[in-house]
Amino acid sequence: MRQRLQPLARDLGRILMALSGIVFASVVVSLAWGELFAVPALVVSGLVPLGLGRLLSARYGDADEVGKLHGMMIAASGWFLVAVFGTLPFVLVAWTVAVDPFPAPFAAPAALDTPTLAAFRDPLNGFFESMSGFTGTGLTMTDDEGALPHTIQWWRTIIEWVGGVGVIVLTTAILARPGSGSLTLYESEARSEKIHPSVVSTVRTIWWIFILFTFVAIGILWLAGMPVWDAINHAMTGLSTGGFSVTDASIGEYNDPIIDFAMIPVMVLGSIAFPIHYLMLRGDLKNLYTDPQTRWLWGYFSVGSIALIGLLWLDGTFEAGRVAVTNGVVLTGSTASLFQTVRYGLFQFVSAASCTGFGTIGVGDWSAPAQLTMSGAMVLGAAAGSTVGGIKLIRLITLVKGTAFRIRGVFYPETAVRYLKLDDRKLGETEVSRELEEAAIIAFLWFVFLGVGLAVLLLTVDGSFTLENAVFEITSAQGNVGLSTGITGPAMPTPAKVMFLFNMWIGRLEIIPVLVLLRGLLDTFNFYR
Amino acid sequence: MDPRDIPLVGFVLEFGAQDHVLDAMLLAGPLVVLAMVLGGRSPVTAAIVGLYVLSFAGYVVYNGVVAR
Chain A
641 MRQRLQPLAR DLGRILMALS GIVFASVVVS LAWGELFAVP ALVVSGLVPL GLGRLLSARY
701 GDADEVGKLH GMMIAASGWF LVAVFGTLPF VLVAWTVAVD PFPAPFAAPA ALDTPTLAAF
761 RDPLNGFFES MSGFTGTGLT MTDDEGALPH TIQWWRTIIE WVGGVGVIVL TTAILARPGS
821 GSLTLYESEA RSEKIHPSVV STVRTIWWIF ILFTFVAIGI LWLAGMPVWD AINHAMTGLS
881 TGGFSVTDAS IGEYNDPIID FAMIPVMVLG SIAFPIHYLM LRGDLKNLYT DPQTRWLWGY
941 FSVGSIALIG LLWLDGTFEA GRVAVTNGVV LTGSTASLFQ TVRYGLFQFV SAASCTGFGT
1001 IGVGDWSAPA QLTMSGAMVL GAAAGSTVGG IKLIRLITLV KGTAFRIRGV FYPETAVRYL
1061 KLDDRKLGET EVSRELEEAA IIAFLWFVFL GVGLAVLLLT VDGSFTLENA VFEITSAQGN
1121 VGLSTGITGP AMPTPAKVMF LFNMWIGRLE IIPVLVLLRG LLDTFNFYR
Chain B
-7 MDPRDIPLVG FVLEFGAQDH VLDAMLLAGP LVVLAMVLGG RSPVTAAIVG LYVLSFAGYV
53 VYNGVVAR
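Top line first, the protein sequences correspond to chains A and B.
Read left to right, the first sequence gives residues 641 to 1169 (this note's numbering).
Read left to right, the second sequence gives residues -7 to 60 (this note's numbering).
Take these hints with a grain of salt, some might be off.
Said to hold, decoys possible - Computed, partial: chain A to chain B, Cβ under 8 Å:
hint	residue
1	V683
2	F855
3	G859
4	Y918
5	L921
6	G923
No wet-lab data here; the hints were simulated from the structure.
Where a beta carbon is used, it is the ideal one built from N, C-alpha and C, also for glycine.
Okay, chain A solo, but in the shape it has when bound (with noise of 0.2 Å):
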């Protein structure tokens, strides 16, 4: 193998064994809920990761510690090797369920042989599937949640709870070597907020904080009156800022304004960067406004329910006559409407900022300011070093400032020494310029792949969709949401999957490591010439 990509495959191999320890574990979730026909299939779909990782990891253990080249090519293409193989349970256990190849007690009960299942027997349904939830964005290929069988339940949920802290992240936690390039690896994933000094160290807390707010969330969301089941995986997908569910419309199902209300500090939880989280666990609490993102952060939240809210009330979207708050409360007339408004309008713009993209009511129908007002919401995302998707608060935060800096630098003589506080930090001309500099690059590589995937979308989905629509879902895929106006599903033309699964992988990874990935292998193998 070329000398360049020996790094490449040692560390792959170590990412596809961790994949591996994953699946394996979800057996337990099989023989739990009896579902002994999905347990070959997820053990094949553990022994073909494992066994492609320890070839690879042991052919190439020697090879060349990483630079960020290879950094960035690993995040990109172990992302992208995750959602591949990923996609195997769904097709296997899929495919189970059809053939029903075993005898009694592996044999498939026929009431899970549905057209939802069924839609995962085609590859490219599974791998969107797995994109979709290793990316934590939540877009779907199934019609009815509800219908799954509870293994490709859990195997959704799962994999949005391991992608929303981060496949490289979970591997350095693992199989971490001491002074590895585990720091390359972990900024290439989207990340550079340390916790400690050693970035094993810091992956292991934010491994302990993420598990025990789990436990809190399942917790909150069990109390509030979700079974059991419900509340493990929605608990899960919610602070991971995922937002798969196992239900059929999603927390909508419940319509249940205490379920509803419930949800949303679990995903504003998963918008909070984990080094605050830390600080906050140790008792410094006032980081939750004085942090500057944070800070931005509840403004955002606030700034933009509000203004959704208001947008709902003035189209006069929610004109219930009745609505039943909980035992015994009941409003009526305009008081339940704006009950209702407030209520949907709140949680749908916290699941659109967060990146979560649980639904508790239809939107594809809603005006199109109050669409493209949570698309806004979408195409941003929340702080960077949380599990969101997005451009990320702290670039707004760069690009505001750092344009306002560069404006009233005009008016100072040429010989003056500025400095510009960003996040704690008092950068001076250059440092500004180089930050100024990466966040207008990602912003305009964000618009210009939207771009690209509305084209996709407008030139291959049927015409009933309005162009609204279409922003909504391409913001929704690329900013790792998951929300959708329907045009997401099954019968989703086959470009307009391929392309909505380019838009989850760069979204994920802020698209410059894909495109170091892409121009990295042409230039191994010689393309140019």
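For chain A, the structure is supplied; the task is to place chain B on it using the hints.
Frame of chain A; chain B shown alone:
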């Protein structure tokens, strides 16, 4: 025997927020979920889960406001 020698407990104690109350809450998490699964929705289970959630929220606030 040092609890740090137990694999999972060792991880929790070493990489957390260096706070034994929160470490204990993390270790108790699976038991709380098990109580939900096995106990169903009963007053006792609701009390256990409610206590877990409230004690987490209460402790974080106490730690940040009162203890500092």
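Practice task
Please verify that hint: A:Y918, Cβ, nearest Cβ of chain B, below 8 Å or not.
Solution key: 6 Å, holds
Problem - Closest C-beta approach of A:L921 to chain B relative to 8 Å, hint status - result: 4 Å, holds
Exercise for the section: With a cut-off of 8 Å on the beta carbons, see whether A:F855 makes it to chain B. Expected result: At about 3 Å, which falls below the 8 Å cut-off, the nearest Cβ of chain B leaves the hint on A:F855 intact, so it holds.
Handout entry: Restraint check, 8 Å cut-off on beta carbons, for A:G923 near chain B
Key = This hint holds: A:G923 lies near chain B, its Cβ roughly 4 Å from the closest one there, short of 8 Å.
Exercise for the section: For the hint on A:V683, just tell me whether its beta-carbon gets within less than 8 Å of chain B. Expected result: At about 24 Å, which exceeds the 8 Å cut-off, the nearest Cβ of chain B leaves the hint on A:V683 violated.
Practice task
Answer holds if the nearest beta-carbon of chain B is closer than 8 Å to that of A:G859; otherwise answer violated.
Solution key: 4 Å, holds
Checked against the numbered hints given earlier, the structure breaks only hint 1 and satisfies all the rest.
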